[in-house]
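Student: Chains as they are written, first to last, in the numbering used here: chain A, 3 to 225; chain B, 6 to 223; chain C, 278 to 533.
Hint data in this document are derived by calculation from the structure and do not stem from the laboratory. Watch out, some of these pointers could steer you wrong.
[What the hints assert, rightly or not] Derived coverage of chain B by chain A (criterion: at least 3 residues anywhere in the stretch with Cβ under 8 Å from a Cβ of chain A; other residues may be distant):
no. : region
1   : 88-100
2   : 145-152
[Unchecked claim] Computed Cβ-Cβ distance ranges for the label pairs, DEER-style:
no. : chain 1 : residue 1 : chain 2 : residue 2 : range
3   : B       : 215       : C       : 331       : 29 to 35 Å
4   : B       : 185       : A       : 48        : 37 to 43 Å
5   : A       : 50        : B       : 208       : 21 to 27 Å
6   : A       : 129       : B       : 215       : 30 to 36 Å
7   : B       : 205       : A       : 151       : 48 to 54 Å
[Stated by the list, open to error] Every beta carbon over 12 Å from chain B, so not counted as near; a handful from chain A, in silico:
no. : residue
8   : 7
9   : 24
10  : 39
11  : 42
12  : 46
13  : 73
14  : 79
15  : 117
16  : 184
17  : 194
18  : 210
The structure displayed is predicted, hence computed values, not measured ones. Just so it is clear, CB atoms sit at the ideal spot from N, CA and C, and this is done for glycine as well.
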Amino acid sequence: MNADLLWRYLPSLVSGFGVTVFCWSVGGAFGLILGFAIALARRLPFPPLRWALRAFVEIFRGTPFLVQLFLLYAGGPYIGLRLGATAAGVAGLALYSSAYFAEIFRAGFGAVPAGQIEAAISVGMAPFDILARVALPAALIAAVPSIVNMLIILSKETVVLSIITVPELMYQVQTMAAETFTAFDAIFAMAAFYWLLVECVSRLGARVEKRVTAFLAHDGARG
Amino acid sequence: MKPDVILNSFGYLAEAAGVTIAVSFAGIVIGFAIGGLVCAARVSPRVWLRRIGAIYVSLFRGVPLLVQLLFIYYFLAEFGLDVPAIVAAVGGLALSSAAYQGEILRGALNAVPRGQSEAAIALGFAGADVWRRILLPQALRISIPPLINEFILLIKASSLVSVVGIAELTRVSMNIASLTYRPLEAYVGGGLFYLAINLILAGFGAMAERRLAIGGGR
Amino acid sequence: MIELAGVGKRFGEHVVLRGVDLSVGRSEVVCLIGPSGSGKSTLLRCVNFLESYETGNVRIAGRLIGYEDLPGGTRKPMSARRLREMRREIGMVFQHFNLWPHMTAIGNVAEPLLRVRRLPTSEAADRAMAMLSKVGLAAKAHAYPSQLSGGQQQRVAIARALAMQPQLMLFDEPTSALDPELVGEVLEVMRSLAAEGMTMLIVTHEMGFAAHVADRIAFIDGGRIIDEGSPRHVFHHSQEPRVRRFLQTYHDRNSF
Chain A
3 MNADLLWRYL PSLVSGFGVT VFCWSVGGAF GLILGFAIAL ARRLPFPPLR
53 WALRAFVEIF RGTPFLVQLF LLYAGGPYIG LRLGATAAGV AGLALYSSAY
103 FAEIFRAGFG AVPAGQIEAA ISVGMAPFDI LARVALPAAL IAAVPSIVNM
153 LIILSKETVV LSIITVPELM YQVQTMAAET FTAFDAIFAM AAFYWLLVEC
203 VSRLGARVEK RVTAFLAHDG ARG
Chain B
6 MKPDVILNSF GYLAEAAGVT IAVSFAGIVI GFAIGGLVCA ARVSPRVWLR
56 RIGAIYVSLF RGVPLLVQLL FIYYFLAEFG LDVPAIVAAV GGLALSSAAY
106 QGEILRGALN AVPRGQSEAA IALGFAGADV WRRILLPQAL RISIPPLINE
156 FILLIKASSL VSVVGIAELT RVSMNIASLT YRPLEAYVGG GLFYLAINLI
206 LAGFGAMAER RLAIGGGR
Chain C
278 MIELAGVGKR FGEHVVLRGV DLSVGRSEVV CLIGPSGSGK STLLRCVNFL
328 ESYETGNVRI AGRLIGYEDL PGGTRKPMSA RRLREMRREI GMVFQHFNLW
378 PHMTAIGNVA EPLLRVRRLP TSEAADRAMA MLSKVGLAAK AHAYPSQLSG
428 GQQQRVAIAR ALAMQPQLML FDEPTSALDP ELVGEVLEVM RSLAAEGMTM
478 LIVTHEMGFA AHVADRIAFI DGGRIIDEGS PRHVFHHSQE PRVRRFLQTY
528 HDRNSF
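When you get a sec, could you build the whole thing from the sequences and use the hints?
Tutor: Shown next, in the form of structure tokens:
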């Protein structure tokens, strides 16, 4: 691997990285929104809906991401869904992560101390206000560490998109490796790059977590 | 959607499911052994060992599994070693899982209430015995539910070894898809097998969690 | 103001309250004392129906809470809306404060005014500030609970309950979760509330406070009121052996 080889492929590598970031951020954003909606909907007193949503979550958490991608990309047309590779990739990331985010938000709601809800009940707050003003903020704050963690996991899952020919970074690296017979060097560089990236993002994430959860130091425990 | 496709290929899928389970099982067992070493390094009183352990964990959790698998594959090719793909596959899964299992074990060790080893020391137990009779049994007990969870994760991760040609569930689904021109049924079939395996494992996990809580809750 | 008649409650097999009778008049301060597990907190929580009771009646200012009487002698559970209406008139202070951690002190106090009393923002803010001044925490209005000491948090909790201008206040072991040196500031606020004529029902272990501030003391054990009367009567002249035993261990523990 020499410098001007790298230089020649730089545009495609940068574009690949751009696609990676795009897929990760759009997929992650939709996943968060969908996951949150699912978590809220599961609290409604409507058993068939809760059952269906539970099944959704179990399916997307119980099967490999790659199989889900194949289903969307290759199997999609058979149910009228003609998605291009990148669209399938983003949709796949969104659906996959939404199931995990739904569970994270569910746990967040469970982590709201009962006492805070009781205080709201004792002043006569209506259920909607209790949810919107007390339970939701507390649940969201409690969910932050897990959300950060899942977003990091999602960033690593983007490499799987290369298998369905989404032109993200891994795909570009493999193309370059094949065309220049530098497989080993290319993969090595890819590994090093990802390691660095994930390490930096993890540290950043930890700092964000710390700032947000310092907020939530519980009252009754100190005193 | 033609369910008979799934029914006709049931045999192939079942066999492939066996391969998936075998590969994942090998991965988790070898990963446990390596993970034990990683954990030992992380809790060692020697700074350089701790650092190596930390680097291992950071490396194998930071680099995506697909990249790790391809790296091992090309690494072996580069150095002329003609190793069957299965070795690269299991090796890759094991090395990756070891990082997570190392952290699980470390967390479990930390979860054993410190007072227990203190009591043992106060009673005059030798260091090795404190480990053998008090710390390890409890740490292992605590780590069983997360280890079962890790097994579930590994079953899903094993789908990636399809890229190095192993005839596990995902690859066989791909084959069925291209042979029958019915990718929807092929991947739904594969997915159902994965679901079945994971639901059974999750059941074990719940059972393990219940029974282990009886033995020694705080 | 509060009328408890024959109140009974069970958790499955376990009977927590056995036919409790108690009344608290307007501007009266009544303290509930007793050993752990005696049912005193459960009894208190029945007053605003945070716990449901099965038999007997709990009336607030003459009105039954938790149930609605039907013609023919039976009764049905009270509608959620009416329950909320009644709860607005009852203030409650919890052992673990239960402040909402994502809101400032003034935010906590104003929140019920905004959501329940539906006051306009400026009026809610003014009233909240006035309440915080009343409990001596005007300077901390914009602090978050995690930045306040336990005693300060509890005072904010009291301000939050008071801001609703309730007809009566319930206190569930308000100082039990506090470090000893912080207890005094909370008791002081409660003392001045009593002096202003607030109707108060307090579950507490603070015997000194009960002795000086309560109009009446009720001793509960095993879900029943064993003895009741003026502080002087209960502390010094009770004929009930369980009461004397309880107070004896208390005295032993607290005389150095």
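Student: None of the hints should be skipped; say for each whether it holds.
Tutor: Taking the hints in turn, this is what the structure says about them:
no. : hint                        : result
1   : 88-100                      : violated (count 0)
2   : 145-152                     : violated (count 0)
3   : 215(B) x 331(C): 29 to 35 Å : holds, 32 Å
4   : 185(B) x 48(A): 37 to 43 Å  : holds, 39 Å
5   : 50(A) x 208(B): 21 to 27 Å  : holds, 24 Å
6   : 129(A) x 215(B): 30 to 36 Å : holds, 33 Å
7   : 205(B) x 151(A): 48 to 54 Å : violated, 26 Å
8   : 7                           : holds, 17 Å
9   : 24                          : holds, 17 Å
10  : 39                          : holds, 23 Å
11  : 42                          : holds, 24 Å
12  : 46                          : holds, 25 Å
13  : 73                          : violated, 4 Å
14  : 79                          : violated, 8 Å
15  : 117                         : holds, 23 Å
16  : 184                         : violated, 10 Å
17  : 194                         : violated, 8 Å
18  : 210                         : holds, 18 Å
Hints 1, 2, 7, 13, 14, 16, 17 from the list above are not met by this structure, while the remaining hints are.
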